[in-house]
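Just so you know, the sequences run in chain order A and B.
0 is the number of the first residue of the first sequence in numbering that gives the first Met the number 0; add one for each residue after it.
0 is the number of the first residue of the second sequence in numbering that gives the first Met the number 0; add one for each residue after it.
Do not rely on the hints blindly, as some may be mistaken.
Calculated cross-link-like contacts (lysine-lysine; reagent style BS3-like; alpha-carbon spacing at most 25 Å) [unchecked claim]:
1) B/Lys13 to B/Lys35
2) B/Lys89 to A/Lys256
3) B/Lys92 to A/Lys257
4) A/Lys256 to B/Lys105
5) B/Lys89 to A/Lys100
6) B/Lys35 to A/Lys100
7) B/Lys40 to B/Lys89
8) B/Lys92 to A/Lys100
By construction, these hints were calculated from the structure, which means they are not laboratory data.
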Amino acid sequence: MSLRPYLAYAKKIFLNRSAYRFDNVMGIISTCLQFFIFWEIYKALYGTSTDIDGITMPMVTTNFILSMGLGAIFSPDDYFLPSKIWDGSIATEFLRPISFKGRMIAENVGNALFNLLFRFLPCLIIALFTVGVNAPASPAMLALFVLSAVLGFGVLWTISFAVQMTAFWLINIWSLITIKNVLINVLSGSMIPLWFMPRELTAILNFMPFSSVYFTPVQIYLGQLSFEEIMLKCGIQLAWIIVIYLLGDILWRKGQKKLIVQGG
Amino acid sequence: MSFIEVKNVSKTFKVSRRRAGAIGAAANFFVPKFEKKEAVKNISFNIEKGEAVGFIGPNGAGKSTTVKMLSGILHPNSGEIKVGGYIPYKQRKAYVGKIGVVFGQKSQLQWDLPVIDSFELLKAIYSVPDDVYRKNLERFTEMLDMSGFIGQPVRQLSLGQRMRADIVAALLHSPEIVFFDEPTIGVDVVGKETIRAFIRELNRQDGVTMIFTTHDMRDIEKTCRRLIIINEGEKIYDGALSALREMYGTTRRLEVAFSEKVDLPGFENVTVENLENNKKRFTFENNKVQINELMNRILGEYNVRDINISEPDIETIIQKIYTKKEAEI
Ligand SMILES: Nc1ncnc2c1ncn2[C@@H]1O[C@H](COP(=O)(O)OP(=O)(O)OP(=O)(O)O)[C@@H](O)[C@H]1O
Ligand SMILES: [Mg+2]
Numbered sequence: 000m001s002l003r004p005y006l007a008y009a010k011k012i013f014l015n016r017s018a019y020r021f022d023n024v025m026g027i028i029s030t031c032l033q034f035f036i037f038w039e040i041y042k043a044l045y046g047t048s049t050d051i052d053g054i055t056m057p058m059v060t061t062n063f064i065l066s067m068g069l070g071a072i073f074s075p076d077d078y079f080l081p082s083k084i085w086d087g088s089i090a091t092e093f094l095r096p097i098s099f100k101g102r103m104i105a106e107n108v109g110n111a112l113f114n115l116l117f118r119f120l121p122c123l124i125i126a127l128f129t130v131g132v133n134a135p136a137s138p139a140m141l142a143l144f145v146l147s148a149v150l151g152f153g154v155l156w157t158i159s160f161a162v163q164m165t166a167f168w169l170i171n172i173w174s175l176i177t178i179k180n181v182l183i184n185v186l187s188g189s190m191i192p193l194w195f196m197p198r199e200l201t202a203i204l205n206f207m208p209f210s211s212v213y214f215t216p217v218q219i220y221l222g223q224l225s226f227e228e229i230m231l232k233c234g235i236q237l238a239w240i241i242v243i244y245l246l247g248d249i250l251w252r253k254g255q256k257k258l259i260v261q262g263g
Numbered sequence: 000m001s002f003i004e005v006k007n008v009s010k011t012f013k014v015s016r017r018r019a020g021a022i023g024a025a026a027n028f029f030v031p032k033f034e035k036k037e038a039v040k041n042i043s044f045n046i047e048k049g050e051a052v053g054f055i056g057p058n059g060a061g062k063s064t065t066v067k068m069l070s071g072i073l074h075p076n077s078g079e080i081k082v083g084g085y086i087p088y089k090q091r092k093a094y095v096g097k098i099g100v101v102f103g104q105k106s107q108l109q110w111d112l113p114v115i116d117s118f119e120l121l122k123a124i125y126s127v128p129d130d131v132y133r134k135n136l137e138r139f140t141e142m143l144d145m146s147g148f149i150g151q152p153v154r155q156l157s158l159g160q161r162m163r164a165d166i167v168a169a170l171l172h173s174p175e176i177v178f179f180d181e182p183t184i185g186v187d188v189v190g191k192e193t194i195r196a197f198i199r200e201l202n203r204q205d206g207v208t209m210i211f212t213t214h215d216m217r218d219i220e221k222t223c224r225r226l227i228i229i230n231e232g233e234k235i236y237d238g239a240l241s242a243l244r245e246m247y248g249t250t251r252r253l254e255v256a257f258s259e260k261v262d263l264p265g266f267e268n269v270t271v272e273n274l275e276n277n278k279k280r281f282t283f284e285n286n287k288v289q290i291n292e293l294m295n296r297i298l299g300e301y302n303v304r305d306i307n308i309s310e311p312d313i314e315t316i317i318q319k320i321y322t323k324k325e326a327e328i
């Protein structure tokens with residue numbers, strides 16, 4: 000198997016994205032805006048107190064900039080398969096002598112790379128000069144943060160992948176995708192840091208796939224987890240990736256037999 | 000063993016029966032009704048290496064569905080398909096690299112990118128070696144007269160230009176087998192002729208095996224010797240294009256311009272129509288009426304200014320076959 004076709008797809012999406020300059024400027028503004036709104040809300044909540052349950056405002060700030068930044072990077076195209084089934088272009092996709100899943104990953108990676116350079120980094124720099132961001136606990140933790148963030152992306156991607164596969168049967172899965180995204184936004188800690196969730200809920204959330212997407216990398220970055228805990232959490236992330244991927248893959252195999260091509 | 004083998008293949012679609020109106024829509028939601036639509040019914044045929052086969056039938060006959068099954072996109076509900084040793088829908092990834100498919104109604108090009116960028120992407124996807132790519136690109140753009148718009152984004156092309164670009168896109172990796180599904184749809188007369196000549200050369204020169212679907216019989220006449228006709232999912236003809244004429248094209252039309260006004264006796268099995276300027280038209284079946292006898296009688300007994308005999312064109316024959324099939328059902 001050659002990687003060349005997949006690199007070509009990743010490159011294509013990267014170039015496509017760069018072509019729309021206005022859209023990119025607006026993208027940076029909207030990511031920053033979102034961050035500052037949440038930041039203001041929490042600043043007001045903190046008022047004069049230096050910490051709530053041992054969580055300081057700079058930690059909250061860092062949580063938001065990292066989880067929203069990661070959120071801006073990880074935006075799997077949830078409509079990749081559904082839109083192709085909807086308009087019938089899935090026919091031409093299936094004519095290519097390459098793995099459709101591989102191509103899906105390639106486009107998402109190309110997209111993520113673009114977002115890293117043109118969403119995350121600009122916003123991080125703006126935040127550094129305005130509100131300040133905590134430095135990583137240590138270089139080792141920074142490396143583990145990156146590892147865990149990549150695994151988090153894997154979790155997010157496999158969830159999107161599995162949900163998309165239902166389009167073979169349902170064709171229109173807009174509502175399903177919306178529910179999925181609400182769950183991820185609320186339960187992953189990107190809106191409400193999971194520190195502030197009720198204890199019982201956190202215990203459950205710790206073993207759900209969602210929390211591992213953003214919250215685990217953030218905790219690692221801040222040095223809140225011991226090495227053993229990190230290994231456990233990364234293990235959980237990996238386990239979810241495998242489980243959800245296998246589930247999605249069953250749907251993928253069955254779905255191809257069900258495939259209908261809309262339009263002449 | 001033939002190069003392409005299709006044996007007893009059927010494909011059924013599940014279509015929802017929608018009831019009309021608001022109440023009907025509510026009923027659809029709670030009690031959806033499904034109906035089975037047999038798009039392809041028990042079709043079999045074999046195609047040898049290097050053959051060019053026209054594949055025709057009225058709208059909704061099941062042509063595109065068959066092409067999609069042959070391309071490995073759709074799974075048949077029953078029956079067997081084998082192309083060049085592959086089972087298309089089971090070995091899709093390995094198989095599709097060996098074939099080219101043109102869907103006239105669906106572009107395979109990147110909407111936002113210049114044509115040439117789409118080609119470059121395909122080169123990478125199919126891992127086409129540099130020299131093969133350059134040779135094919137040069138030859139095809141020359142033959143299809145594309146140099147004028149190859150740098151333009153696809154969304155700015157006219158339909159005919161886009162079609163030519165789509166044809167080249169399907170051939171850059173030098174496939175041995177090509178399925179054309181209406182590659183001349185919406186193309187003007189000159190464009191059609193260019194495409195036909197191109198397809199013919201591909202078949203005769205390069206020995207590419209092909210199936211050609213179209214609604215324009217002249218496409219077939221110019222490119223294919225063999226013809227398969229399907230109607231309502233069933234195969235109703237499979238044989239030489241010329242044999243079709245012999246079987247169904249038995250009607251002859253004789254037009255005679257007489258020097259003066261004449262009164263003719265009746266001829267058996269011949270219908271006679273009066274046209275202007277002392278012209279008459281004789282229509283008959285050539286297996287019922289001896290044409291030289293009829294001509295001898297006319298030429299021997301009357302003064303004839305001009306005479307002209309014609310056989311039906313292929314369109315008329317096809318029309319006759321389509322409607323005959325419907326009459327039988
Ligand atoms: N996705 C689908 N869902 C349900 N029915 C379908 C679907 N695709 C095709 N059909 C039905 O299958 C039959 C055959 O369609 P097909 O597209 O193969 O016809 P065709 O011979 O290519 O016609 P045309 O000349 O109009 O292109 C039609 O009756 C059509 O309604
Ligand atoms: Mg069709």
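Just pull the numbers of the violated hints for me, sorted ascending.
Of the numbered hints, just 6 does not hold.
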